[in-house]
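Chemist: Each chain, written out:
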Amino acid sequence: MDPKNSRFSTQISHLALDIGGTLIKLVYFSPNGDNCEDGSIVVGNGCSVVQGRLCFAKFETRKIDDCLDFIRFNILQHSGVQHTNGTARDKLSVKATGGGAFKFADLFKEKLGIVFDKEDEMHSLVCGVNFLLKTVPREAFTYLDGQKEFVQIDHNDLYPYLLVNIGSGVSMIKVDGDGKYERISGTSLGGGTFLGLGKLLTKCKSFDELLELSHQGNNRVIDMLVGDIYGGTDYSKIGLSSTAIASSFGKAISDGKELEDYQPEDVARSLLRMISNNIGQIAYLNALRFGLKRIFFGGFFIRGLEYTMDTISVAVHFWSRGEAKAMFLRHEGFLGALGAFTSYKDQSHSTELKPHHHTVERAVLKCSDDDSFRHIPVTANVNDGEAIECSINLV
Amino acid sequence: MAGREDDEHDPPILDDKTEAEAKSSERDMAPPGPGTSIHRSGSRPQLDLSKAEIQGNFEERDPTILLPNQSDDISHLALDIGGSLIKLLYFSRHEDYSNDDDKGKKTIKERLGLTNGKLRSYPVLGGRLHFVKFETHKINECLDFIHSKQLHRRDPYPWSSKTLPLGTGVIKVTGGGAYKFADLFKERLGVSIEKEDEMHCLVSGANFLLKAIRHEAYTHMEGEKEFVQIEPNDLYPYLLVNVGSGVSIIKVDGEGKFERVSGTNVGGGTYWGLGRLLTKCKSFDELLELSQKGDNSTIDMLVGDIYGGMDYSKIGLSASTIASSFGKAISENKELEDYRPQDISLSLLRMISYNIGQISYLNALRFGLKRIFFGGFFIRGHAYTMDTISFAVHFWSKGDMQAMFLRHEGFLGAMGAFMSYEKHGLDDLMSHQLVERFPMGAPYTGGNIHGPPLGDLNEKISWMEKFVRRGTEITAPVPMTPSKTTGLGGFDVPSSRGSALRSDASALNVGVLHLVPTLEVFPLLADPKMYEPNTIDLSDQGEREYWLKVLSEHLPDLVDTAVASEGGTEDAKRRGDAFARAFSAHLARLMEEPAAYGKLGLANLLELREECLREFQFVDAYRSIKQRENEASLAVLPDLLEELDSMSEEARLLTLIEGVLAANIFDWGSRACVDLYHKGTIIEIYRMSRNKMQRPWRVDDFDAFKERMLGSGGKQPHRHKRALLFVDNSGADVILGMLPLAREFLRRGTEVVLVANSLPALNDVTAMELPDIVAGAAKHCDILRRAAEMGGLLVDAMVNPGDWSKNDSTSAPLMVVENGCGSPCIDLRQVSSELAAAAKDADLVVLEGMGRALHTNFNAQFKCEALKLAMVKNQRLAEKLINGNIYDSVCRYEPPSLSQM
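Taken in sequence, the protein lines are chains B and F. Residue numbers for the first sequence follow full-length UniProt numbering, beginning at 1 and rising by one. Residue numbers for the second sequence follow full-length UniProt numbering, beginning at 1 and rising by one.
Quick caveat, the hints were computed from the structure, so don't treat them as lab data. Cβ atoms here follow ideal geometry from the backbone N, Cα and C, with glycine treated the same way. Just to be clear, a hint being listed does not mean it is correct.
Said to hold, decoys possible - Here are the simulated EDC-like pairs of lysine to aspartate or glutamate, each with C-alpha atoms no more than 16 Å apart in a straight line:
| no. | chain 1 | residue 1 | chain 2 | residue 2 |
| --- | --- | --- | --- | --- |
| 1 | F | Lys211 | F | Asp560 |
| 2 | B | Lys205 | F | Glu335 |
| 3 | F | Lys180 | B | Asp261 |
| 4 | F | Lys573 | F | Glu592 |
| 5 | F | Lys280 | B | Glu306 |
| 6 | F | Lys280 | F | Glu259 |
Unchecked claim - Computed far set for chain F versus chain B, every beta-carbon distance over 10 Å:
| no. | residue |
| --- | --- |
| 7 | Glu224 |
| 8 | Asn265 |
| 9 | Gly273 |
| 10 | Arg276 |
| 11 | Lys280 |
| 12 | Asp300 |
| 13 | Met301 |
| 14 | Ala323 |
| 15 | Ser324 |
| 16 | Gly327 |
| 17 | Ile344 |
| 18 | Asn363 |
| 19 | Arg366 |
| 20 | Gln541 |
| 21 | Ser646 |
| 22 | Asp782 |
What the hints assert, rightly or not - Okay, the calculated beta carbon distance ranges per label pair:
| no. | chain 1 | residue 1 | chain 2 | residue 2 | range |
| --- | --- | --- | --- | --- | --- |
| 23 | F | Gln229 | B | Gln216 | 21 to 29 Å |
| 24 | B | Lys134 | F | Asp234 | 36 to 44 Å |
| 25 | B | Gly322 | F | Ser539 | 49 to 57 Å |
| 26 | B | Asn218 | F | Asp197 | 24 to 32 Å |
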């Protein structure tokens, strides 16, 4: 094996995409020292081990051209496998998952010369989570009353758990082991609903803007609370406090106010609570059904946003009477992409794709919060996922 | 109701009742028995103390005193004041059939072991439950209504007739508005409000309705409603999901045993709140209406949108499954204005309905419950909402669970509040003691109508006159503008047939519940739980359309007859016209929404017509025709009896059965027969018809019956102890057909009970008319005379009713009992207590005529022998039922059913 070749192809091919309805998530491997000739490749026993980082980036699906540019300039070009016309020299096979892997396959082939090797969405998701929970310490945490608390999970006691992936919609997956999982439920009230309704109601342009707004809002302006119905008193007989939401947006019925009369902040807040609450509740009910104590929430809707996590946690805590815990993952936005990335190993016998094959060899050395993407000229949301330092084996 | 607006300023004074009294006695027209006049006096009501008696146990302290002749409505009421609607439920006391003063019948009751004391000991109070809706923001209409009917002045206990002094009344109220409007009630009506717990009311209301009303629940899949009969013993546990502004999910384990196990804040308020912000709709109904025309795929992200039009079949998601509600609003550069409000409304509706269905399913699963009942204002009989929820439950449970809805869903809370009175008198109510009737105004008081029902007859007639006639079908009633004089609200009336899933079309009608404690299940039914009276299933579209058409075509004749029966006066013409419009409206409503009146068989449809006639005060449309035919038939009876007596026993039996079948041709309910009447005299038609009776008949069990009667091989069969003869039409049918048959039984020493209608229906003979007919026949026949005397039918005869048993063993009495109904058909689950008592010793049931032996009960199984006799006077029925033709005969003889033995 020519180590030089391997190295080049490593840089390009260690890329996986998760193309969802709303966002495109990218995971790619960036060797340490990047342009340095030395150091990062350790060759031994027929394998080269490359030290580097797993990097994460995301784009809005509707701005897919940004994503194409990013791949073209920062990954393909960087690795020197590019024609002058911007496409890859040879057909490159890249792992991709999400509905967009089907929808945009032709586009990627045409524009970048990349052929998608499609991975099942759910499979990728579960692989991603299993990978993270097993290999990255301090990956999972609970969030309650503003307190983030990391949870150490015994690798041997990981299964079964419930995985709730909140993308545009929500999938709920019961995971029993590596490759052993089942989609048991889901709901159409997800991140897409938040953003879609939010856009219609507030004229926000982006998800972040909407989240930002919700942070400053007060949902009591527009939600009907138990206290609103029972004249400020609790309906304690059935365990409802006066501040519990009786009906989301219920006050909008009778106020005689138009949409313009409400603060966008308050509307965004109500919306966020409605959706978070609902997801928390349906997740709890499904966990209960299968006797699962741990529920991991992931997907771009969470985004490490405290308020969202808090609402979901409260919902799970409330309905389970403290029995079940909502947990979150630091890389929650990239589960599918990570899963697709780790799936390269599954095809290690295939000779054609030989240079692309790698396995994640060992645990991540450390997680860094530093921004390792300074060199990226194209705008991308890369701040959400922390890069994971790791090393990979080149077969 | 002139001057009603003054009430707002004047405290209610007693004199106000003059008007109210006049009104209320008219609107609840109890069919008057002979000799009883309708109370229409405009004078102030006075207690009628005649025939007062102690009710219940005589040893009891302070026993309640019953005033049977107190004509006033004794009422009490309960309210559920919600954010948008006020639901009012009130009880009015009525004696439906008060014919106890008929001396002859009293004797029969004694004969049958029914003492007055026993009759009075029913735990359930007879009367009517009325369901009314008002819009909350028009609460004054509600207050006016209560005031006009003086509902608030009643003692909350139904069997008390006390009128309360001002300022002492208490009304049970539930719902969020109970506190909010307490002061208003005090100020306007002088009554205090007693707030009842909402959830408790909801549950007890649902429990009551599910147990008391046979087909209260229905499923709703793909636009089709199917009524479900739930055994009262098999009701619990169930999940009750109340979708109001928010959603409460309640697990119900029994009477008063329930727990709120879950809920969601995404409910009707969310739909309406978000919908209002997004579409600028002015009302909930408008928003719902919009959703009918929507296409949610323009705004929801579907699985196909993500997967490029493909299904994600691996996990069972089709391309049209919603992946993300409102998810498309993300990726397109569109503003709110660029979306159609219809699409937004539908997206919202689906999002919320699915979510409710899913969370309900998960909770049902948690507790292993198979039945989920959905109610609350969000449902409102709205087809799309119900379909979506049903779909979600079906989808998630893989068909294992059923989403069900309640016909009275808007009234659960009010019903429960009513039940929270210490003595509401409904505790022991059984479903067979309830009869639901749909008075005029009811077609328009379905799920989405507000405002009091029409008051008196005059108002009803003028309301009907406002209908716009379009062809034969009444389609576009004019909504009443709130009138200064009545203060009654506008009625939202279905205005067109429109699309299949119109929001208001599927709102079901809620009728007045008549509580008739004297009704019982016919004791000779082999299996009352499996019994289905109707032979023809009107849920079959072809059948339904056919019979609706038949009724519609028969209507002009019926109106002519009805008007003529009252001398063709202007008043009668006006009422006749109004009746025609009203009944046509019922028929039109049924064409539009077959489930509008609940589970409906042909029997119910025919009864609806009779009820409608009575409502417009046509007490007995065929009175003069019946009289004429009775006289004509009685005149030829002696000849017939002589002819019969000259025959051998065997020939006579055949001739008798032929005679019953032949005489059954005299039927005003049959179009074909009405045409025949113009072609000959009664005895001519009778003889011609009898001579045509060529055996074998289409259904011919005569030989088996003959063997049972006469024996074979020299063996003498034991005679029947008592035969119940369910008679059909007046005139030749009963006099030349059934009476001679009765006489044959009597001659053999079998007691005979003639079972006839309590109230007139078409030209059917009634129990009231039979004693006169029997007396007429007895003049020519000793057997009949003696039996009638023994049965106490000949009241002027000087015979001691107690003496009969001392007579020789072969003489037996002839009796008459009423069946408890006023329809050409009979539902044997609901018969009079007299009939039930008479049935105890009976070992033979003879059902005669199309209505009672074919339309209903053709397939009924009895514990005793049964003989079903009828001539089929309808080609379609002949084809369907017996694979035969019009004028074919049915003689079905069935030994006792073994299923219960």
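Chemist: Now tell me if each hint is right for this structure.
Modeler: These are the hints, each one checked on the structure:
Under the criterion of a C-alpha separation no larger than 16 Å, the hint pairing F:Lys211 with F:Asp560 is inconsistent with the structure, at around 42 Å. This hinted pair checks out: B:Lys205 and F:Glu335 have alpha carbons roughly 10 Å apart, not beyond 16 Å. As the CA atoms of F:Lys180 and B:Asp261 are separated by approximately 26 Å, the hinted pair breaks the 16 Å bound. Proximity of F:Lys573 to F:Glu592 is assessed by CA-CA distance (about 28 Å); at most 16 Å being required, the pair is judged violated.
For the hint pairing F:Lys280 with B:Glu306, the CA-to-CA distance comes to about 33 Å; that exceeds 16 Å, so the pair is violated. Distance restraint check for F:Lys280 and F:Glu259: the Cα-Cα separation of roughly 38 Å exceeds the 16 Å cut-off, and the hinted pair is therefore not satisfied. Distance check on F:Glu224: its Cβ is at least 25 Å (rounded) from any Cβ of chain B, clearing the 10 Å threshold; non-interface status holds. With a least beta-carbon separation of about 4 Å from chain B, F:Asn265 fails to lie farther than 10 Å from that chain, contradicting its non-interface assignment.
With a cut of 10 Å on Cβ distances, F:Gly273 falls inside the contact zone with chain B, its closest approach being about 3 Å. Listed as a non-interface residue, F:Arg276 fails to keep its Cβ farther than 10 Å from every Cβ of chain B; the least gap is roughly 6 Å. Separation of F:Lys280 from chain B is inadequate, the least Cβ-Cβ distance of about 7 Å not exceeding the 10 Å criterion. At the 10 Å boundary, the C-beta of F:Asp300 falls inside the reach of chain B, the nearest C-beta of that chain being 7 Å off.
Separation of F:Met301 from chain B is inadequate, the least Cβ-Cβ distance of about 5 Å not exceeding the 10 Å criterion. With a least beta-carbon separation of about 4 Å from chain B, F:Ala323 fails to lie farther than 10 Å from that chain, contradicting its non-interface assignment. Not every beta carbon of chain B lies more than 10 Å from that of F:Ser324, the smallest distance being close to 3 Å; the non-interface claim is violated. The beta carbon of F:Gly327 sits about 3 Å from the closest Cβ of chain B, which is not more than 10 Å, so the claim that it is off the interface is violated.
A Cβ of chain B approaches the Cβ of F:Ile344 within 10 Å, the least distance being about 8 Å, so the stated non-interface status is violated. A cut-off of 10 Å between C-beta atoms contradicts the statement that F:Asn363 is not in contact with chain B; the least separation is 7 Å. Not every C-beta of chain B lies more than 10 Å from that of F:Arg366, the closest at about 6 Å, which undercuts listing it as non-interface. With 10 Å as the threshold on Cβ separation, the claim that F:Gln541 sits away from chain B holds: the shortest Cβ distance comes to roughly 35 Å.
Once the 10 Å rule is applied to beta carbons, F:Ser646 is consistent with being away from chain B; the minimum gap is 82 Å. At roughly 75 Å from the closest C-beta of chain B, the C-beta of F:Asp782 stays outside 10 Å, upholding its exclusion from the interface. Checking the proposed 21 to 29 Å range against F:Gln229 and B:Gln216 shows it is violated: the Cβ atoms sit about 56 Å from each other. The hint said 36 to 44 Å for the Cβ distance between B:Lys134 and F:Asp234, and at roughly 51 Å that hint is violated.
Between B:Gly322 and F:Ser539 the beta carbons are some 50 Å apart, a value that agrees with the proposed interval 49 to 57 Å. Range check, B:Asn218 to F:Asp197: about 31 Å between beta-carbon atoms, so the 24 to 32 Å window is met.
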